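Go ahead and model the full structure; you've got the sequences and the hints to work with.
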Amino acid sequence: MTTTTLAALVPLLPFLGAAAGLLLGRTAPGFVRPLAVLPTLAAALLAVVVAVRQGGGRPIDAATQLTPTGSVPIDLALHLDGFAVLVAVLVGLVATCVQVYSTAYLKNDARYPSYAALVSLFTSAMLLVVYSGDLMVLLIGWEIMGICSYFLVGHYWETPEARAASLKAFLVTKLGDVPFLIGLFALAVDTGTFRITGILAAVTNGGLDHPTLTALLLLAGVAGKSAQFPLHTWLPDAMAGPTPVSALIHAATMVAAGIYFVARLLPVFAASGAALVVLAVMAAVTMTGSGLAALAQDDIKRVLAYSTIGQLGYMSGALAVGDRGAAVFHLLSHGAFKAVLFLAAGVVIHAAGTNSLAAMSRMGGLAKRIPDAYWTMTVALLALAAIPPFAGFFSKEAVLVAAEHTALGHRDVAPAAAGWTILVAGLAAAVLTAAYATRLWLLAFRGRGPQAPDHGRQPVAMTSVLWVLAVPTITFGLTAGALTGWFDGHSLTPSLTTAVLSTGAGLVGGLVTYGTWRHTTARAGRPPVGAVAAHPGAEPALVEAEAIASHTAAYGTIAGAPDPSDPGRLLLGPLHRHAVTGFHLDALYTALFVRPVQAAARLVRFLDREVVDTYVRGSGSIARGLGTAVRRTQTGNVQTYLGALLAGTLVLAIAAVVLANVYAGA
Amino acid sequence: MTLAATAGHPGFLSPTGVEIAFLLVGLATLGAALITVTTKQLVHAALWLVVALGGIAVEYLLLTAEFIAWVQVLIYVGSIVVLLLFGLMLTRAPIGRSPDADSGNRWIALGVAVASAAALVWVVVDAFRTTWIDLDGPAQGSTKASGEFLFRHWVLPFEALSVLLLAALVGAIVLSRKGDEDGKGDEDDRARKGREDRKARPGTQGTHAGQGTQGTHADQGTHADQGTQGGQARPAANREDQS
Amino acid sequence: MHLAYPAVLAVLLFCTGLYGVLARRNAILVLMSVELMLNAVNLNLVAFDVWLRDALHAGQALTLFTIAIAAAEIGIGLAIVLAVYRNRGSSDVDRLRDTAETDAAETLPDADADADADADAARGTTADQATAPAGKAKKAEATA
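Just so you know, the sequences run in chain order H, A and G. Residue numbering for the first sequence is 864 to 1529, as defined by the working numbering. Residue numbering for the second sequence is 4 to 246, as defined by the working numbering. Residue numbering for the third sequence is 2 to 145, as defined by the working numbering.
Keep in mind that the hints were calculated from the coordinates and are not lab data. Bear in mind that the values here come from a model prediction, so they are computed numbers and not experimental data. We put the beta carbon where it would ideally sit given N, CA and C, even for glycine. Errors might be hidden in some of the hints.
To give a feel for the contact side, a few chain H residues facing chain G, derived at Cβ under 8 Å [claimed, not checked]:
1) Arg1494
2) Gln1497
3) Val1501
Laid out in structure tokens, this is it:
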């Protein structure tokens, strides 16, 4: 089969799996697990075949016209270049691992069939975004991902946190999607086509009239989808969804879609230096802010969520300095190790019976209970902290190298200001990343106190995928040299200066945190603190749901915990209080948007009920009153009826005769 | 047809003897009719109606329609007024003045009647200002002439009229039956009979009261209660009817 | 003879009968007034027939038929009046108010609607059906 056919099958197979799963979920429950795993696995294998065939050479384009629109045509198009095929392989791999992991994680969940179908649908949508060569088709995949994210984050909809989080995720990303859509239309109007090849060709010929405006509109959507400042507030709350969902959606795929989109259309953004500077500032703020916030979080998944936000900041920083190869390289390696982190966190939560780091740090011997998760998580945290030779080191180096070259003027795709911003922020973020990664590892696995309860071995489905994903976490960075040919051709290998600087920064962060931890745990008075699940021996999904539900009850907030032995408190100092709430951005948005909208809604309801409905009720009562009045004439007295009838007839007859005479005479 | 007659005629208000007679009898007739519709004594109304109908008969005679005049006397005065008097008697019309002989609609009725009278009189006088009837020829309504036109040109309607009279006769009989004689009684009667049987026979009064409340609204409890309250007087009337 | 004499007399008799039909309370008096109207019509027919010297004598023939039909009508009319008198206890036309819309039939749906505006549509129809027989009962009270 041709590469194009295989590529068309890649998004199609999970979609069919989703449709079949939704249809058969209730009637043939035995088919649900194979329908969940096998199409995704087949799609992953086909993506690998497509990648091998494409081999990083010339992009493969194929298109059929989907809709004759009368103005700008919409084509069902494929554009397979090095970026597309490699990201598709990542998506396929992570999706398969997540589906396998979910079979054990949600083993007894009543809603598993619809969950698996939605994950398949989501995978199909992401693959559509990746392979699509037409922006409208990409938008379709984009929006389907949004709605699947809503459903999947709200999987535990019995808990109010999940309901609120799914709505928030949906609304905030949609808030970004509206300018995104307008930007797409602006692009199409300027260039006359939705095809990516056409748009890029038009840009190189100088065809964009308002490059800055278009780029900023598109950046709004990217900021929403990829959780960049200021539209990042949904991602930490979206941790109220099941862990495999977080691994798929919020680590490897959906949040990467924005980065991927900018990478695909980088010439459009590069046409406007102002847009790149804006992007760089956004990335810098995101990187540093999220790093500080991650140091204050108590929920293990929220730490990882802020970490994702920060790493996405790295990727958008790479894009801001015009190096999309580095951005996608970091996207690929981040997808692998963040997926490991989330999936391992799921195992940790199940084993510890809680998602609170404060509670875990008062449990001893957790690492011995879950050796697979312990080792893979350690490796992934090292990759996150960009310690050589793991994948994270190489990919982060690529970003910093690109920033350094832009700053020093060796590359002129982006303004030098963007380069300096990213370089400085990137180094600061490296310190913070290592700090929170160390904090997480120490609090989770080096806790002291009563032994963690023994729930037996974790299911094989969950632990095996951890090792599967650990392989690229360890080795992917070593392919940096070979990848250069798949991407734009710029070198992705680290340079000595940045390598030393960033590794040094990372080590500094890690060691300072370790020292602080030693200091705080040596303090006397470690009061017992705990938000532990009620049924720790149940399936992992249930444990997680209960842990989420009990967190607020135990600590008063979903994010932090009053733990005096937390090194993050000491490290952040006076900032800790603000970092816990994500620097009060949620409160700001509530005051600026939520309250006015709710007040407006109350006003509208009042107007509708008291003003408009009064008229409606009034018309009803007028009609009734008229009816009552008219009814009064129905006295039942036949003589009255007859009298009135004859009087009327008389009037009519006289009028007719008079008028006839008048007109006859006139 | 009358245009030839207008040539040799006297003017509008130069009356001949026939006209004077017609006028005087007409005044009497109209007066009797007015008293019929205004008097408060119901039986007197019927009697004044006799005068009015008789006056009309005289008018017919003046118009040379003698057969019709005598038919008028025979049928109207002879039978219809008698029927009316019977009706007044059977419905126990009060003898003497009854203050509520006129309903509340009388003012509307007066207005309508006066207005329509004015309109019609004006129209009629305006239309027939120059028309005279020629009464000098052969009698238009003699018995011979009436028999000729009736049984030569109007036989079929005449026969249909007989059938109509038969239908009216049968209808009047059916309507005035009390409905408890033979099996023609409907479910109401049978149900009522059932109720009466189930009642522990509180005497003939109760049975008569049951029969007295026959009719289309017997299924309503409130009416039945009121019927039994007023039923004391009515059974007496019914017994008088049956005797 | 001037045609105006019988014509005007007929008009006046007719209007007198009209007044009687509309104003009199007793049903039998109403029937009497109807007879007056019929006689007025008959007079008109005869007068015009004599004036026109109709060969068919349609006017006189119709007069005869009208007289016969009036007799039939008065027979049936009196039978009805007697039946009404037996049922209602009086032959007053005023009392025969079955077609009236009484206040009782009005207020019951109103009371329901005021109590619960939201369920108005749902209960309105059933309330009307429920009150129809009750309304009839009240009308029967009024006419009894």
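Going down the list of hints, with the structure as the test:
Below 8 Å, beta-carbon pairs count as interface contacts, and arginine 1494 of chain H has one with chain G at about 4 Å; its hint therefore holds. Here the hint on glutamine 1497 of chain H is kept, as its CB sits about 4 Å from the closest CB of chain G, short of 8 Å. Using the Cβ-Cβ criterion of 8 Å, the hint placing valine 1501 of chain H at the interface with chain G is satisfied: the shortest such distance is roughly 6 Å.
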